[in-house]
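Protein chains: 2
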Amino acid sequence: MGERKVYLAGPEVFLPDAVAVGERKKAICAAHGLVGLFPFDNEVVPVEDGPPVSLLIYRGNLDLMRASDIAILNLSPFRGPGADTGTSFELGYLTALGKPCLGYTNDPVDYVERVRRGGPVTLDAATGYWRDASGLSVEDFGLSDNLMLDHAVAMSGHATLRRDARHDPLADLAAFEECVRLAAMMPHP
Amino acid sequence: MGERKVYLAGPEVFLPDAVAVGERKKAICAAHGLVGLFPFDNEVVPVEDGPPVSLLIYRGNLDLMRASDIAILNLSPFRGPGADTGTSFELGYLTALGKPCLGYTNDPVDYVERVRRGGPVTLDAATGYWRDASGLSVEDFGLSDNLMLDHAVAMSGHATLRRDARHDPLADLAAFEECVRLAAMMPHP
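Residue numbers (my numbering), protein chains in the order written: chain A, -15 to 173; chain B, -15 to 173.
It is worth saying that the hints were derived from the structure and are not from the lab.
Heads up, the beta-carbon is just placed ideally off N, CA and C, and yes, glycines get one too.
The reader is advised that the hints may include incorrect statements.
Stated by the list, open to error - Facing chain A, according to a computed beta carbon distance under 8 angstroms, are these residues of chain B, among others:
no.: 1; residue: G64
no.: 2; residue: Y77
no.: 3; residue: L81
no.: 4; residue: V99
Said to hold, decoys possible - What follows is a set of in silico ranges between Cβ atoms, one per label pair, in the way DEER data are often shown:
no.: 5; chain 1: A; residue 1: G(-14); chain 2: B; residue 2: A158; range: 51 to 57 angstroms
no.: 6; chain 1: B; residue 1: G(-14); chain 2: A; residue 2: E27; range: 44 to 50 angstroms
no.: 7; chain 1: A; residue 1: D33; chain 2: B; residue 2: R150; range: 34 to 40 angstroms
Work the whole structure out from these sequences, hints included.
Right under this line is the structure:
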């Protein structure tokens, strides 16, 4: 029974010190008997006259996801009230593959509260929906993001972990480490 | 050989007239010999002491995606420079299922240009990356969103269709209709 592999998804790949953050995540995994797989973004070697770098990264990430046994996703808000679109894509991909997905966010409030930070959110008495300044309804299910994301994570056994680390949402790893502890306790497949 | 089913993903489910927009999308599909499946969001009937409504919607959407032969996704920016997180999740889920995915956006510019609308984006000479005001790198691959989304769509045969309909990004259906035309030409499985 080999060590289980954990795909490490999240927008920290966009930090200036992305590689160092990835190494810290891998070290936490190793301390719990797991092998962390950090996205390929920073390790692609372009080939002259070869496929575009972005396609190499795409293929590399799909390969890592397929090779993983479990995933831990950083669903902290990124350039808006919601999670990173790439991380959201990966949660969907992993869910369809049947990989157990643990998720965390370093912004602990409900999604509707995060939308409210960007402008007024008012109750539409006719429908019972909350609406933003554009009239678009705002999900108010007590979840941390779009319901597809929250329920995909919850179906693996644990609701998205929420922690207030808004001072450093992409690199604070306390909630991540809690996910690693939960991953280490998951039964081997 | 029955009519093919097309899953219709996008944040227009949050419009006040979501049901009407869904009906227009289904009518365009029907005019091209396809059956449109609009997300379940607006059709869930809560059951007393039953599962939460959000879980019913989640399950309903997964069922529709699995039942579909093709998907068309509205990847227009939503509450920020990137696509809706729920739609991004669904693109990942459909990709892993091997469903051909067509995508469109009603904001035609590259992702880096959309980030620039929200604040300065500057070149980090040391690394060659563009960085936003927080120092986070901004993908600059000539794509319309995170590379995972663009390449997932492109692998189905057509790059994300870009059209300037920023006056009505969630309900303008010209780019959608072009996707339906492309879907109708796809070979039967």
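Now the hints, each set against the structure:
no.	hint	verdict
1	G64	3 angstroms, holds
2	Y77	4 angstroms, holds
3	L81	5 angstroms, holds
4	V99	7 angstroms, holds
5	A:G(-14) to B:A158: 51 to 57 angstroms	52 angstroms, holds
6	B:G(-14) to A:E27: 44 to 50 angstroms	45 angstroms, holds
7	A:D33 to B:R150: 34 to 40 angstroms	37 angstroms, holds
In terms of the numbered hints stated before, the structure departs from none.
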